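Enquirer: Going line by line, the protein sequences match chains A and B.
Counted the way the working numbering counts, the first sequence spans residues 1 to 190.
Counted the way the working numbering counts, the second sequence spans residues 1001 to 1194.
Check before you lean on any hint, since a few could be wrong.
So these bits of chain A aren't anywhere near chain B, every CB distance computed over 12 Å [claimed, not checked]:
hint	residue
1	I9
2	D14
3	D15
4	T20
5	L42
6	S43
7	R53
8	F83
9	T97
10	D165
So the derived label-pair ranges between C-beta atoms look like this [stated by the list, open to error]:
hint	chain 1	residue 1	chain 2	residue 2	range
11	A	E69	B	Q1097	37 to 45 Å
12	A	R66	B	R1105	15 to 23 Å
13	B	N1165	A	I9	41 to 49 Å
14	B	L1178	A	G56	28 to 36 Å
15	B	D1093	A	N125	45 to 53 Å
16	A	E132	B	A1116	41 to 49 Å
Honestly, the hints are just simulated from the structure, not real lab data.
Keep in mind it's a predicted model, so treat the numbers as computed, not measured.
Where a beta carbon is used, it is the ideal one built from N, C-alpha and C, also for glycine.
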Amino acid sequence: MINELVYSIAVWLDDTQWSTMLHESYYMYNWVESTHVLTLMLSLGMLFLIDLRMLGYALPDMPASRLAERLNIPMLIGFTVMFITGILLFYAVPVRTSQSLWFRIKMVLLVACAVNAFLFHKQMNESAASWENEPRAPSRIRMGAILSLAFWSTIVVCGRFIAYDWFDCDTSPNTFIDVISGCVDGQIRF
Amino acid sequence: MPTSFFAAYSRTLFTLSAILLALIFAYGGWMEAIYPPLLGVFEWLENTWFGVIGKTWGAAFAFVEAVHLLGLAVLGGCVIASDGRLLGMVLTDFPVQSVVDRTHRVFVWALAALLATGIFMACGVATKIYYLPVYWFKMMALGSGMLFHFFIRKPLLQHDVNMLNPVVVKMVAIASILVWFMVAATGRWIGFSG
């Protein structure tokens, strides 16, 4: 039921003129994709520095929460650009992307990252005064940093895997994966 | 004294000479002479273990691509934090020397990861990238970036940054951001070529 709805919406998006223009435009699509990838340096670059600081592997003698606070702004600018370009990439190829196993895992992990980031900042702000200048943050904060690194690394792997057609609906013979990917019986658009 | 001049600026002169030689190599006709024999090296690379794994297992190649991107993210983060601090745009209430020194350590690890994964990826598609002009641009940008970082930027910033000419410091930061952006952008463009 949900998969049919997602498929219908994707087909409707795919039929819009702007989607076709974006997909068929060699340079514009590449610019959007390149911007999405290169902004990793700003968004994940800042985030990984914060996480590595909490684990004691980077900038260990700098005040932890103040560092996180200062790097939050460029990080959020990066994530905003990635979010906008990500939506454009989805809009350019909606049917295949919405039925990609890797895209679906990526979306679930993005939600997990958002929850983890909320809890991480909440715990950090509540307790930072007691460990601000310690080389390593307390175990709960470190666990949040490890989860953040693991989730985002998996998101990057999934994002890279989307480009490959291993489990596409028109190629995959695996029923289980077809269900998870949201393939619809008798679909004619891929 | 000419001797002291060369001694004082030996690394800078070495770097400038290397970049000049690379430009002469690329545009002075040397490239045409050396380019054909290099094909054998690239064919050999494609037949190494790395090349065979990269060609045979698409998932392994894609996974290493993702690790390469993660390394790029960390390296980019270090460049933005460090050079952004030199430009007075980020971490402005942190000591500039500490930011530059601490991010350099992470930068080296990220660069090592990028080189290791980059070599693996290059082996998998060696005979393809051999014919791509953008690959050679990337190698020139990468070489320039490494020479610039280790032979110009780092020695310069080992001095007390507050004693250096602010214009020079800002120019170094801008040059650093541009050269690493160029490395990343040409790398991305390889994916669109061929």
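Enquirer: With reference to the structure, classify each hint as holding or not holding.
Expert: Outcome of the hint check:
Non-interface call for A/I9 relative to chain B: holds, since the shortest CB-CB distance, roughly 28 Å, exceeds 12 Å. Chain B leaves A/D14 outside its interface by the beta-carbon criterion, the shortest separation being 22 Å against a cut-off of 12 Å. Under the 12 Å C-beta cut-off, the non-interface status given to A/D15 relative to chain B holds; the minimum distance is some 26 Å. No beta-carbon of chain B is positioned within 12 Å of the beta-carbon of A/T20; the least distance is around 20 Å.
A/L42, annotated as away from the interface, has a beta carbon of chain B within 12 Å; the closest lies near 6 Å. For A/S43, the shortest C-beta to C-beta distance to chain B comes to about 8 Å, within the 12 Å cut-off, and the non-interface label is violated. With a least CB separation of 9 Å from chain B, A/R53 falls inside the 12 Å interface cut-off, contrary to its annotation. No Cβ of chain B comes within 12 Å of the Cβ of A/F83; the nearest lies about 16 Å off, and the non-interface call holds.
For A/T97, the condition that its CB be more than 12 Å from all CB atoms of chain B holds, with the nearest at approximately 17 Å. Consistency note on A/D165: stated as away from chain B, yet its beta-carbon is not over 12 Å from all of that chain's, at 10 Å minimum. Separation of A/E69 from B/Q1097 is about 21 Å and departs from the stated range, judged on CB atoms against 37 to 45 Å. Between A/R66 and B/R1105 the beta carbons are some 20 Å apart, a value that agrees with the proposed interval 15 to 23 Å.
Our hint of 41 to 49 Å for B/N1165 and A/I9 is violated, since their Cβ atoms are close to 58 Å apart. Judged by the Cβ atoms, the range 28 to 36 Å given for B/L1178 and A/G56 holds: they are separated by roughly 32 Å. At about 18 Å, the CB distance of B/D1093 to A/N125 disagrees with the hint of 45 to 53 Å. Checking the proposed 41 to 49 Å range against A/E132 and B/A1116 shows it is violated: the Cβ atoms sit about 35 Å from each other.
Hint compliance for this structure: hints 5, 6, 7, 10, 11, 13, 15 and 16 are not met, and every other hint is.
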